[in-house]
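So the protein lines, in turn, are chains Z and F. Each position in the first sequence, counted from 1, maps to that position plus 119 in the working numbering. Each position in the second sequence, counted from 1, maps to that position plus 119 in the working numbering.
The hints are simulated quantities; they were obtained by calculation from the structure and are not laboratory data. Predicted, not measured: the structure shown is a model, and the values here were computed from it. Any given hint could be a false lead.
Copies of the same chain look alike in the list, so a pair counts if it fits in one copy or across any two.
With a cut-off of at most 35 angstroms between alpha-carbon atoms, the simulated DSBU-like pairs for lysine-lysine come out as follows [to be verified]:
no. : residue 1 : residue 2
1   : 271       : 167
2   : 164       : 271
3   : 271       : 256
Take a look at the letters that make up each chain.
There are 2 protein chains.
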Amino acid sequence: MVHTHDHSICIENAVEEAERICAERGSRFTDLRRRILTMIWQGHKAVKAYDLLDQLATEGGSAKPPTVYRALDFLMEEGLVHKIESLNAYVGCPHPGSDHVSQFLICDECETVEEVTSPALTKAVTGAAAAQSFSIKGQTLELHGMCENCRKGKKAA
Amino acid sequence: MVHTHDHSICIENAVEEAERICAERGSRFTDLRRRILTMIWQGHKAVKAYDLLDQLATEGGSAKPPTVYRALDFLMEEGLVHKIESLNAYVGCPHPGSDHVSQFLICDECETVEEVTSPALTKAVTGAAAAQSFSIKGQTLELHGMCENCRKGKKAA
DNA sequence: AATTTTCCAGTTATCATATATCGAACATTC
DNA sequence: GAATGTTCGATATATGATAACTGGAAAATT
Chain Z
120 MVHTHDHSIC
130 IENAVEEAER
140 ICAERGSRFT
150 DLRRRILTMI
160 WQGHKAVKAY
170 DLLDQLATEG
180 GSAKPPTVYR
190 ALDFLMEEGL
200 VHKIESLNAY
210 VGCPHPGSDH
220 VSQFLICDEC
230 ETVEEVTSPA
240 LTKAVTGAAA
250 AQSFSIKGQT
260 LELHGMCENC
270 RKGKKAA
Chain F
120 MVHTHDHSIC
130 IENAVEEAER
140 ICAERGSRFT
150 DLRRRILTMI
160 WQGHKAVKAY
170 DLLDQLATEG
180 GSAKPPTVYR
190 ALDFLMEEGL
200 VHKIESLNAY
210 VGCPHPGSDH
220 VSQFLICDEC
230 ETVEEVTSPA
240 LTKAVTGAAA
250 AQSFSIKGQT
260 LELHGMCENC
270 RKGKKAA
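The task is simple: from the sequences and hints, build the whole structure.
Below is the structure:
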């Protein structure tokens, strides 16, 4: 998806929200965690752990993998970021704090990841599980394809 | 899920089917590929690449990672096995040859992976994508939880 | 049957992802 | 300021995956 919006707003919002949520819960939103969350929010693409490492390295310090993974674990526990299993990469949650299941539309063209929560889809998931008497605890639902904007671009080209 | 069935039938079927499919397509179902497919079908759990490596090692030979991954790639291309992204592991396809989307119910208790193809769920997925004008090319749909048998077991205990 | 072609599997090397363990630094609370 | 708890760092190791190249076996062709 081509984003014509002012993305700095997204970053600001995400960091502010994180700040608020952590304060509320008594979790510590440390400098490292803020930096990593900010990096992840540089765009709407999923970011790989080692890209974060590289970025941290260029910023001077010498962060090692465990540091990054711990920060990512924290951010995931607080629901501030999600992991995209099919990409081994991480993306910011657009509405942290609200209890929700996450479903992802991943454009293989522009790499944009859009998080959605479709009630109909969630219902179908629940139904499919129920049909097998399966009690659901978590879902990984990642749809790959091409987003609207890329599709338009392709058609035009 | 507790399997009361004679699992050796599953293995035989899987290998015979693979044989048939590969013959039909002119793909070569080599000894290594057969061994790996058989290993994956030892149960209904997803098997990790390095477990396959270890098993191959104990069987004498000295297989290296690329060998295993190449065999897995082949088996996936032919639709004989699927990768479970949320586990980084591989599971046999119960009905190869038939064109289908795969959805998985993964029991976190007994680790059994059940493949399903729910028309209702597939329709919901298509619908959710359409709602965002997203053109879908592939899906990763993995539901984690507890299967019927494990649930019963827990209740009894 | 001999030759050619194709493709499989092995080797080495390397990269990427993830965990375990331990200890030092730091802020917070009392 | 001492006690506590947490973060962050270093090191090591395990696991997951790919690249580039080579030799050799099987299939196809002549």
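Going through the hints against the structure:
1. For the homomeric pair residue 271 and residue 167, the shortest alpha-carbon distance inside one copy (28 angstroms) is at most 35 angstroms, but the shortest distance between copies (40 angstroms) is not.
2. Only within a single protomer do residue 164 and residue 271 lie at most 35 angstroms apart by alpha-carbon distance; the minimum there is 19 angstroms, versus 42 angstroms between protomers.
3. For the homomeric pair residue 271 and residue 256, the shortest alpha-carbon distance between copies (16 angstroms) is at most 35 angstroms, but the shortest distance inside one copy (37 angstroms) is not.
In summary, the structure agrees with every hint in the numbered list given earlier.
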